[in-house]
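K.L.:
Going by our numbering, the first residue of the sequence shown is number 2, and it counts up by one from there.
Please keep in mind that the hints were generated in silico from the structure rather than gathered at the bench.
This one's a predicted model, so the numbers in the text were calculated from it and none came from an experiment.
Treat the hints with care, since some could be wrong.
To be verified - Derived DEER-like restraints, expressed as beta-carbon distance ranges:
| hint | residue 1 | residue 2 | range |
| --- | --- | --- | --- |
| 1 | 229 | 144 | 40 to 48 Å |
| 2 | 325 | 134 | 33 to 41 Å |
| 3 | 131 | 307 | 23 to 31 Å |
| 4 | 100 | 17 | 31 to 39 Å |
| 5 | 407 | 41 | 46 to 54 Å |
| 6 | 115 | 38 | 40 to 48 Å |
| 7 | 403 | 153 | 41 to 49 Å |
All C-beta atoms, glycine included, are put in the ideal place defined by N, C-alpha and C.
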Amino acid sequence: AAAAEVGDPATYAEPGDPQYWGCAAPPCDVERVKSADLTRESFDRRIVDGRVFVVEDLGRDWPMSNWTCDYFRSDELFSQADMVQDRGEQGVHFIPLKSDWREAKVASGVTDSEAPKVAAYYWGVKDVQHADASFRSKTWRTSMLKKVQEHIRLPSFMDSGNLGFVNATPEFWFAGEGAGAKAHMDSHPETTMSLQLSGTKRWRIRFMEAKRTPCMAFTYRDGDVYTQAESWRPALSIVLHPGQALFLPPGFVHETLCTAGCSASVTFQFLQPMPVRLYRRFLPRVRRTADIHEAWLMIARWATLHGLRDPALTAGQAHGPARDEALGHKGVGGRFRQVDADGDGFLTSAELESAFPEGRGWLDESKSILNFHDLDEDGRVTREEFAEVFAYWAAIAKDVVKATPKAYRNTHFMDLRGDFSLEDVNDETRERWLKDFNRAE
2 AAAAEVGDPA TYAEPGDPQY WGCAAPPCDV ERVKSADLTR ESFDRRIVDG RVFVVEDLGR
62 DWPMSNWTCD YFRSDELFSQ ADMVQDRGEQ GVHFIPLKSD WREAKVASGV TDSEAPKVAA
122 YYWGVKDVQH ADASFRSKTW RTSMLKKVQE HIRLPSFMDS GNLGFVNATP EFWFAGEGAG
182 AKAHMDSHPE TTMSLQLSGT KRWRIRFMEA KRTPCMAFTY RDGDVYTQAE SWRPALSIVL
242 HPGQALFLPP GFVHETLCTA GCSASVTFQF LQPMPVRLYR RFLPRVRRTA DIHEAWLMIA
302 RWATLHGLRD PALTAGQAHG PARDEALGHK GVGGRFRQVD ADGDGFLTSA ELESAFPEGR
362 GWLDESKSIL NFHDLDEDGR VTREEFAEVF AYWAAIAKDV VKATPKAYRN THFMDLRGDF
422 SLEDVNDETR ERWLKDFNRA E
């Protein structure tokens, strides 16, 4: 099993999408479970592997169980907030939660027969924490976020260490029948939990596509997939009713549509655990897709045990030399020896926790590193496993850099170092990059 997990990129094959997502004839539904069926171990395994699933009773007796569209419209505090509606080329529009917003229908501009024809509404209450948020309204207050946080309850199968990040990331989505969010992909690298509060919502989703050529431009912005050469073919179609929660890994293009009633939902992200094995198994496409660029540096840190040097970060290495370095005493090989406190040739959970004590906060680096390198999943990392995984990562990084046009490499490296974000590329540059990408692809 371990041999199929990684390898020289020249011969490595990613898992087949139909097999990995369990969908031979799309669109398919997903695994559906009850809260009582999930243990911490079984839940964490699903998240680390990047599985898509629904917990059918997560919202039962939840503190937000009565938060319907009418509740938000009449609540003394929340009704004072404005929502954001996407108006396409006209930009965004703010409209009060207390208004009869379902009558203010704005066409989504999408021609796909199954896609939402009316734009949804978004209330990013989490953004009161961020002065530079893109769509923040002056009507959003800290007291509103505090009230939301007071009504959040983590399910028993989730690590309690997630509460801080969950409290920091709530956002609400509202839609009348026929309205929804256009297909898009988020850039955040962690898993999303979306709880349906009222109404019925359909999700259509698909994992990002494999690429032969690195693309430094975002290709999955709102509605992009509807106009691309290859038609939008969702792999999974998921219907959520009130009280049901969808767990969605990063890297998924997703679209929503309210099919009945007035849809209200709340969405969070969480960090423990990270979808580490998903990233490792699909690393060739992850590393070639700008939309998920926030994960690149994170993965590099896992691969090198936080032993990055600038050349390794920017240029990668050929598979053979990288493997030799990992098995040796210098470079990342020396880093392995530092973390291996007892010198027995294995990295244990205790050694990783000792080496990465900062991971005891919201992001547990010790668990992520263990899951990234532990190919046989026996709870420890051998020197051979570390060498195989490091060489796999380093060789993919080298291939990506080599295939990136020289004119764009510096921007690529600046993004990796945190000196610049690919999200800030202007439209003119993005269009030029896309033309070059499509020509090479």
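K.L.:
Hints first: check each against the structure and report whether it holds.
P.N.:
Hint check:
no., hint, result
1, 229 x 144: 40 to 48 Å, "holds, 43 Å"
2, 325 x 134: 33 to 41 Å, "violated, 47 Å"
3, 131 x 307: 23 to 31 Å, "holds, 27 Å"
4, 100 x 17: 31 to 39 Å, "violated, 48 Å"
5, 407 x 41: 46 to 54 Å, "holds, 48 Å"
6, 115 x 38: 40 to 48 Å, "violated, 31 Å"
7, 403 x 153: 41 to 49 Å, "holds, 46 Å"
Checked against the numbered hints above, the structure breaks hints 2, 4 and 6 and satisfies the rest.
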